[in-house]
Amino acid sequence: MKIFKNITTLVFISFSLVVFAQQTPAPLQNKIITISGATAHIGNGSVIKNSIIIFENGILIAVADATSSKIALRGTIIDATGKHVYPGFIAPNTTLGLVEIDAVRPTRDQDELGEFIPNVRSLIAYNAESKVVESLRPNGVLIAQITPRGGTISGTSSIVQLDAWNWEDAVVKEDDGVHINWPNSYARGRWWLGESSTYKANKDYQEEIENIKSFILNSKTYGKSTPKKINEAFKAMQGLFNGQQKMFVHAQGEKEMIDAVTLLKNNGIYNVVVVGAYEAYKISDFLKKNDVSVLIQRVHSTPERDDEDYDLPYKLAKLLVDEGILVALQTSGQMEGMNTRNLPFYAGQVAAQGLSKEKALQLITENPAKILGIDANYGTLETGKSATLFICEGDALDMRTNILSQAFIDGREISLETHQTKLWKRYSKKYSNN
Amino acid sequence: MKKTTLFCLILISITNLIAQDYFPTNTELKQENNNYTAFTNAVIFITPNEIIKNGTLLIQDGKVIESGESVTIPENTIIINLHGNYIYPSFIDPYSGFGVSKPKKAKRERSQQYGTKREGFYWNDHIMPENKAIDKFMYASKKADELRKAGFGVVNSHIMDGIARGTGVLVTLNDKGTNSERIINDASGQYFSFKKSQMSNQSYPSSHMGSIALLKQLQHDAKWYLEGNATNKDLSLEALNTNKNIPSFIESGDKRKNINAADISNEFNLNYTIVGGGNEYETIESIKATQAKYIIPINFPKAYDVSDPYSLKHLTIAEMRYWNQAPTNLKVLSENNIEFALTTFNLETISEFDTNLKKAIKYGYDKTKALESLTTIPAAMLEQSDKIGTLKNGRYANFLITSGELFNEKTILYENWVQGNKNSINSLNQKDIRGNYLISTSEKKFDIMISGKMETLKSEVKFDTIAYASKLNYKDNWLTLTFTNKKTKDVYSSTALIEKKNDNFSGLLILPNGKETLFYATRQKKPKENKGGKEDKKEDEQKIEIVPLTYPNVGYGFSELPKQQNILFTNATVWTNEEDGILRETDVLVKNGKIKKIGTNLSAKNTLIIDATGKHLTAGIIDEHSHIAAASINEGGQNSSAEVTIEDVLDPEDINIYRNLAGGVTTIQILHGSANPIGGRSAIIKPKWGSDADGLLYKDAPKFIKFALGENVKQSNWQSYSRFPQTRMGVEQLYVNYFTRAQEYEDKKKSGKTYRYDEEMEVLVEILNNERFISCHSYVQSEINMLMKVAERFNFRVNTFTHILEGYKVADKMEKHGVGASTFSDWWSYKYEVIDAIPYNASIMANAGVIVAINSDDAEMSRRLNQEAAKSVKYGGMSEENAWKMVTLNPAILLHLDDKVGSVKVGKDADLVLWSDHPLSVYAKAEKTLIEGAVYFDIKKDKEQRKAIQKEKNKLVNLMRNEKDNGVKKRTPMWKKKRHLTCESL
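So the protein lines, in turn, are chains D and E. The opening position of the first sequence corresponds to residue 1 in the working numbering, with each subsequent residue numbered one higher. The opening position of the second sequence corresponds to residue 1 in the working numbering, with each subsequent residue numbered one higher.
No lab work stands behind these hints: they were computed from the structure. Just so you know, these numbers come straight off a predicted model, no measurement behind them. Idealized CB from N, CA, C, for every residue including glycine. Keep in mind that the hints are not guaranteed to be accurate.
[Stated by the list, open to error] Per label pair, the in silico range of CB-to-CB distance:
(1) S141(E) <-> N202(D): 33 to 43 Å
(2) V104(D) <-> E762(E): 50 to 60 Å
(3) S196(D) <-> N266(E): 53 to 63 Å
(4) T613(E) <-> G268(D): 55 to 65 Å
(5) L518(E) <-> S196(D): 31 to 41 Å
(6) T81(D) <-> E579(E): 54 to 64 Å
[To be verified] Chain E stretches covered by chain D per the calculated footprint, using a threshold of three residues with CB under 8 Å from any CB of chain D:
(7) 649–660
(8) 970–977
[Stated by the list, open to error] Straight-line Cα separation of at most 25 Å, DMTMM-like style, residue types lysine to aspartate or glutamate; simulated pairs:
(9) K947(E) <-> E254(D)
(10) K475(E) <-> D503(E)
(11) K31(D) <-> D169(D)
(12) K429(D) <-> D503(E)
(13) K925(E) <-> D311(D)
(14) K955(E) <-> E254(D)
(15) K367(E) <-> E285(E)
(16) K940(E) <-> D322(D)
(17) K969(E) <-> D204(D)
(18) K387(E) <-> E409(E)
(19) K265(D) <-> E254(D)
(20) K83(D) <-> D942(E)
(21) K302(E) <-> D322(D)
(22) K315(D) <-> D503(E)
(23) K970(E) <-> D311(D)
All chains should be modelled from the sequences, with the hints used to inform the complete structure.
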């Protein structure tokens, strides 16, 4: 194990001399690896205290309890006694790789002009060499859904793993879903025109919904025959009607969510995920009845209204889990790129509200994998699935103990160094030499 | 054409009638009217407290000659017998824009305007004391008519625009005169506010605290100018000095701004009358303490439409309470003996004045006080008691004739006389026909009810139980009434002359078939007819339910302020932050707000014992960099704003204070933003939820100021290219320039020569003298290094670098300079200057010997700073004890407060937090937060509060729902979503 670690360090040092390049993506797994003795957090709610985890060619071939089953250790053996193994965390609904520096316009590629542009695809703009992307990995976030923003239908997202030379290498699931920003029944006054900046009932709400309905109807009609003229926008909607893609509805209010789900289902779109969903806990029966899953808004946020419970954003996910709704965490909002590395701590914060730690863990592993439709390969430590996982010194949901020693994506051991760790080491050395 | 000529003739003749002695007359013969008018048999309110039961009022030539019980009536007197009707002095509105149009808005320009566009005036365009309302005054008949209907006879008007607005004009509402008669005073007072002029785009002041500073500096400058020190001409300062001795008014518009206004007034002996906001009742003690006189608007909030549950959720309990409680404002003010006048200012329509005033009276406001607030008090404020406000001899003949006591629901205002000229509102001779009648016709018998206001009577017609649509008109003693059967469309039209002495009436009726016939209306006894109205009043009072105030008066406010308690925490894990480190199974005794004892097996009498087994007890969290609890954060109108202070704009009602308590925070530095290199002064507070602004402030706290470097002060991330500096090179020179000038300023001051008092320079001198400490927003190493060098050149030390994300690159230099660091745990990549920000920053700096704190700069993060501190355990391997100090003891050291707070040590303030778990753990919750031995947050009480809020909301919703019956139009709820202020909030 020591030897293994030293090699990584060597590899790291040789590459760290090149200042601007991202960490070099790891090569394909060519040797069997066994992790033994760790507490394995499967990601589906269960834990194996003393585990054996074996993977080959990027696939888990054994995940077992060492105390009850006798599986031979194979290949490179990593003794992880006293440590913890987790499936790679999954961050849905991010602009990772689309935005490098929030305030610098040339580095922003997340928001295209236009109201209905499902044909705009995030994947092709995804910067696999982003310094922000690499900074997530030392915290255990290894997979992300790259999502465009803005307009009504913002575009189509894709799911990537976070260790790649380019977007083609990175892709885990191409064009997984179309994102729609549902209109608000309350809209802010145009303060720049001297109106009050408070939110008033939105007079155009119904009309805005009509526009959505019309676009969906046109898209559906377009797909019924072989079109004479190509319409890329209508074409990009077809996966929603045949069930290959999901519709991610970004909405916060109960009225908005009810309107959205009802309209979409009535118009042939059945795979619906609500994103944000601040008031989902008020309409849990409706969501269950309609089989809608939820990507709940950022856990670390303040309540929207003064009189609400101070801890409401902390416990929203728990309230939905308690109601039996499939829910996962996401990090969108201000400074979302850099904040995505805090995803595990969001789960920890939910656990602090009384959800069990393993259930809280599901919010960033199995649940997002299911919601994003990648659960066949990712999200849990189960035989046959991808060996996308990491070894952690302690509880990965707590800041103090989220200290990774090794991480693997599809069995490839990835570097845990970043632009930031390099600076850390460089300057620590500067002072220790003085 | 004919009409116009006639109109002109009338106009001329009227003008001539009242023209001045020395004006020649050419269109007719010049003659005078020396007759008297006497009003006899009246109840006369000479003043609100001097009442003559059966008196006579004698007037001549627009003035009161005499009033009393036995007045000698000259022969040439027209006598009007009032048969027991009432006479009151008419009302005075001391705060109005009557007849003075608001100036036009300046066009927005592409780039910010920093300088003035005027010449010969003050440097700031929003200061216009040279303006005169009289120059713009155009008598507005239509508006005058509305005001007279509401009972007003005199209004005081000014140009309602700008921070210093110039002089006003006091006029009567005499339609029949010209301005030469109407004007009582053409420089009735001078006017101030905190609001900028819409005529100018000059950026300063961009905040409320800037307005306060500007108003103060203006007074210093005026004094300096008066003493003849200026070499230039400044017409603004000259005007200000000229008008020094006339009454001064300042519009605040809010309970807390009243305090600011009073502070300015008291500091410079200005004797400001303050135009308040209507929410004074919420903090009446602090209003009382100002000892100022007030003018109070009565634009009570309208009820919300509560029919849609989805929009209902947007209403806060504070908004709902405001609707419920605001009508008590006048009652509360007068019960606290605060002198105030009333105004129509801020009302949507003048007609609301009567409605709202009656509402206030229903809510307990005394009628005599009301009359004083409308007559004698405003007259005294305007220093015109010898002319207006009473009906004493020699005063203007400005009075009202009413059917009964003023402010009674049923009282009719007949006439409003202004300067001896009659204005009829409701015909004095017109009989009050309100009541129930039975109408007999040859065909059927109808029940009729006539109700409503005399000028807009309403009718209800019924045949048996069938209601008919009806329309009633009553003018000049003639009544017309038509009513229609809604089904058959049969129409009945009737008309009748009302005789004064007869309660019944009869007249002509045209039947649906066109046949003319007679009808007889006989008055029926009303089921409850009482003249005194006293029983009515009682009933009304019983109906009004007013929810109690809390501290502060918003959701989660306390019904009683938390008190210091003697508390013994037993068996806790205590994080001392001292040599003792972390003590297990330890007791901590809190007495008189201080930490009294730390040990094992402690006991104490009369003490609340809290079993802390399995829990952690720590010092309260200290946030070195926050922007909560403030109404404004940046004064970005200039590149230096050392003259402003956050202490002026604290908002004790910000819910984030409560939420911070729920996160274990007990001391906060509210910093100015980072819009300019030299920012404003800080407020250091303890989040004592429920206290007023003064109560939040840390007693005898060290003085701090915010500085800022980099992209924000260069205005790099928004379109602005006109303010110096635009580069980091310029930032340095700006500091050098200001500190050099501050040195020169101090030298001059010390030399004993006359100098212009400059608040900004005073503050910079404090920095040079190490009496005020800098907390500087900073990012990249070059600028950090630069500021330390500038400070060293001027022989002071930078106290704290805040943000300081590249501090790790110059940590050794920082340690040498002796500056501390208050940083984010892991923020980066949000702008160009933070591309090298690393989460290991805190650890590297700490290892280099720098005192490091972790701060929030964010209302969300501030409530879980314990987690942010914990990140340094992960990033850089800091020990847990040291990590914990970064949010407690270290910021206390940086704020020079470590002798009082920051650790669990005998003798220090009992600012303590009881945690459910290891305080650095993501799973820990603050269960109790104490400040100086008082429990300000308790997780159990919080749960009760949540329920109480729901209950009270429900009650208020029901009260609003019931309000519907009164036919008042309601507002759709709005959502006042709070914007969290950060460094960059402009």
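Cross-check of the supplied hints:
1. S141(E) <-> N202(D): 33 to 43 Å: 41 Å, holds
2. V104(D) <-> E762(E): 50 to 60 Å: At roughly 39 Å between Cβ atoms, E762(E) and V104(D) fall outside 50 to 60 Å, so the hint is violated.
3. S196(D) <-> N266(E): 53 to 63 Å: 33 Å, violated
4. T613(E) <-> G268(D): 55 to 65 Å: 60 Å, holds
5. L518(E) <-> S196(D): 31 to 41 Å: With a Cβ separation near 59 Å, L518(E) and S196(D) fall outside 31 to 41 Å, so the hint is violated.
6. T81(D) <-> E579(E): 54 to 64 Å: 36 Å, violated
7. 649–660: holds (count 4)
8. 970–977: holds (count 5)
9. K947(E) <-> E254(D): 22 Å, holds
10. K475(E) <-> D503(E): Satisfied, since the Cα-Cα distance of roughly 17 Å is no more than 25 Å.
11. K31(D) <-> D169(D): The hint holds at about 21 Å.
12. K429(D) <-> D503(E): Between K429(D) and D503(E) the Cα gap is close to 105 Å, so the pair fails against 25 Å, i.e. violated.
13. K925(E) <-> D311(D): 10 Å, holds
14. K955(E) <-> E254(D): Holds: K955(E) and E254(D) sit about 24 Å apart, inside 25 Å.
15. K367(E) <-> E285(E): Since the Cα atoms of K367(E) and E285(E) sit roughly 23 Å apart, the hinted pair holds (cutoff 25 Å).
16. K940(E) <-> D322(D): The given pair, whose Cα atoms are some 22 Å apart, holds under the 25 Å limit.
17. K969(E) <-> D204(D): 23 Å, holds
18. K387(E) <-> E409(E): At roughly 30 Å apart (the allowed maximum being 25 Å), E409(E) and K387(E) break the hint.
19. K265(D) <-> E254(D): Roughly 16 Å separates the two Cα atoms, so the pair holds.
20. K83(D) <-> D942(E): 38 Å, violated
21. K302(E) <-> D322(D): 41 Å, violated
22. K315(D) <-> D503(E): 71 Å, violated
23. K970(E) <-> D311(D): Answer violated: K970(E) to D311(D) is near 33 Å, above 25 Å.
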